[in-house]
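Protein chains: 2
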Amino acid sequence: MLQSALAADAAAIRTCLEAQITGDLRLHAAMRHALFGGKALRGFLVMETARLHDVNPSRAVFPASGIEAMHAYSLVHDDLPCMDDDDLRRGQPTVHVKWDEGTAVLVGDALQSLAFEMAAHPDGAATPEARADLALTLARAAGKDGMVLGQALDIAAETAADPLTLDQIVALQDGKTGALFGWAASAGAVMARADSAPLLAYAQALGLAFQIQDDVIDQTGDVTAVGKAVGKDAAAGKATFVSLLGLQEAKRRASDLVDTACDSLSGYGKRAERLRDLARFVISRQS
Amino acid sequence: MLQSALAADAAAIRTCLEAQITGDLRLHAAMRHALFGGKALRGFLVMETARLHDVNPSRAVFPASGIEAMHAYSLVHDDLPCMDDDDLRRGQPTVHVKWDEGTAVLVGDALQSLAFEMAAHPDGAATPEARADLALTLARAAGKDGMVLGQALDIAAETAADPLTLDQIVALQDGKTGALFGWAASAGAVMARADSAPLLAYAQALGLAFQIQDDVIDQTGDVTAVGKAVGKDAAAGKATFVSLLGLQEAKRRASDLVDTACDSLSGYGKRAERLRDLARFVISRQS
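Protein chains in written order, with the UniProt record's numbering: chain B, 1 to 287; chain X, 1 to 287.
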């Protein structure tokens with residue numbers, strides 16, 4: 001049920017994005033390479049919270065495509081040699097490996113612009129208020145107070161004298177992962193001009209559970225199944241949820257967070273069941 | 001008259017942007033370093049076309065700040081070692097030289113997000129339609145069909161078998177420079193929900209004249225006066241307006257383009273005089 005919905009939404013998002021990128025420069029080929037092949041969890045959050053508010057999926061697919069473009073840009077830039085220096089992503093060579101570093105910088109830059117084009121697109125949200133608010137909140141989630149802040153804190157931690165504390169890792173991950181999850185989960189309510197507070201609470205717990213599970217996978221997975229390098233954080237002596245809490249306690253916290261996420265959805269009743277399924281999936285996944 | 005208006009608008013834009021970036025991480029310090037010290041020509045275009053349409057300057061300063069953030073991001077990423085590899089910008093060390101490459105990537109990324117935050121800001125354009133349209137058109141001007149496309153064509157030219165033709169350079173510069181100039185010059189009309197066609201025509205001619213003058217300065221200027229490296233294109237055997245047309249013919253074309261730009265403004269009468277002054281300034285500047 002969840003898996004087929006995820007696959008259907010990922011396909012719709014891919015169709016929407018492919019229609020946007022029609023050029024044949026290496027820039028365009030590399031943009032397509034960077035965009036596709038993931039689970040599109042953030043895009044699914046947009047689609048599913050739109051359905052929860054009776055927003056037409058043919059409109060919701062635009063902001064859903066936008067958040068996937070934003071996430072894809074962040075991966076391309078994170079993988080650069082001057083950042084995490086990763087060769088493998090989603091089981092494929094990273095953009096700077098398959099093409100070159102200059103192309104990877106430009107691909108990330110163009111994908112970020114595309115994210116905003118999709119968020120503000122006239123075929124997306126039905127009202128100008130919603131289009132403007134989606135663009136504004138996406139900018140805040142992505143930038144110096146959101147995702148980029150999380151990334152900057154992560155880099156700063158690498159040269160800090162002491163490893164991060166648990167509170168510091170929570171703050172860092174709230175930027176790196178939580179901000180885009182929060183935007184995605186509230187997008188349906190923003191499109192429908194409805195209250196997004198319960199969905200933001202859901203997303204905050206979900207994002208943290210997601211990140212804890214990422215640390216669990218990094219500790220326990222293997223590169224073939226995960227599709228990217230594993231064990232790098234431990235090898236570098238970086239503090240993670242697993243190194244600070246131990247594997248069992250990290251798993252227990254993630255499970256508690258999933259309960260919190262599901263509880264946040266109580267007001268929506270059975271209509272939010274697939275969002276609950278998503279929360280449970282996030283901590284069961286192995287890649 | 002023009003110089004004092006430029007300076008006043010640049011100061012207002014700086015105040016607006018400084019209020020946005022209050023953190024004390026190296027990310028924030030480097031963002032401030034990247035943003036300030038230029039002439040803010042693109043921001044001035046927003047402010048001046050807003051005045052032309054009786055838009056309150058206290059609102060126009062938000063999209064004006066946005067276009068300056070967008071321009072600043074493009075410079076930080078263009079200067080990276082994997083791109084143009086420049087050490088000097090506006091007479092100061094570039095971000096990756098003063099800090100490091102990872103910081104430069106993040107600074108550019110955060111500045112692009114900030115550009116959209118400013119374009120869609122509730123204190124900026126007075127209507128949701130204008131906020132949404134400013135964000136949408138900025139995304140198109142900045143991304144894979146605009147500025148990044150121009151940059152990608154520029155990189156592709158470096159490894160091409162033949163130097164670019166004049167038409168190809170015009171197309172390349174239309175993306176690299178023209179797209180942001182066009183957005184900036186039409187922003188006042190977009191904010192006022194007025195026709196932007198004459199301002200777009202003005203901006204297209206202005207942008208090309210600007211770029212020709214950049215090539216002239218690159219050929220004739222010295223590094224101290226210009227504040228960045230000069231003569232790199234010629235040394236690399238890259239086709240430029242000057243290499244293709246010769247210095248005198250390039251200057252004549254730029255002068256013709258300024259006439260075209262000024263003619264586009266005839267419908268606005270004397271109210272557009274400062275925009276005409278700007279066009280004349282663009283080809284007289286030496287940095």
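Don't read these hints as lab results, they were simulated from the structure.
Just so we're clear, the structure is a prediction, and the values are computed from it rather than from any experiment.
Where is the CB? At the ideal position from N, CA and C, for every residue including glycine.
A couple of the hints might just be wrong.
A short, non-exhaustive set of chain X residues, derived as facing chain B with CB atoms under 10 Å [as the list claims (entries may be wrong)]:
{"no.": "1", "residue": "G23"}
{"no.": "2", "residue": "R26"}
{"no.": "3", "residue": "A115"}
{"no.": "4", "residue": "R131"}
{"no.": "5", "residue": "L134"}
{"no.": "6", "residue": "R140"}
{"no.": "7", "residue": "A156"}
{"no.": "8", "residue": "D222"}
{"no.": "9", "residue": "V223"}
{"no.": "10", "residue": "V226"}
Stretch by stretch, here's where chain B covers chain X in the computed footprint (C-beta under 8 Å, at least three residues) [to be verified]:
{"no.": "11", "stretch": "78-89"}
{"no.": "12", "stretch": "240-246"}
Practice item. Hints the structure violates: just list their numbers, smallest first. Key: 8, 9, 10, 12
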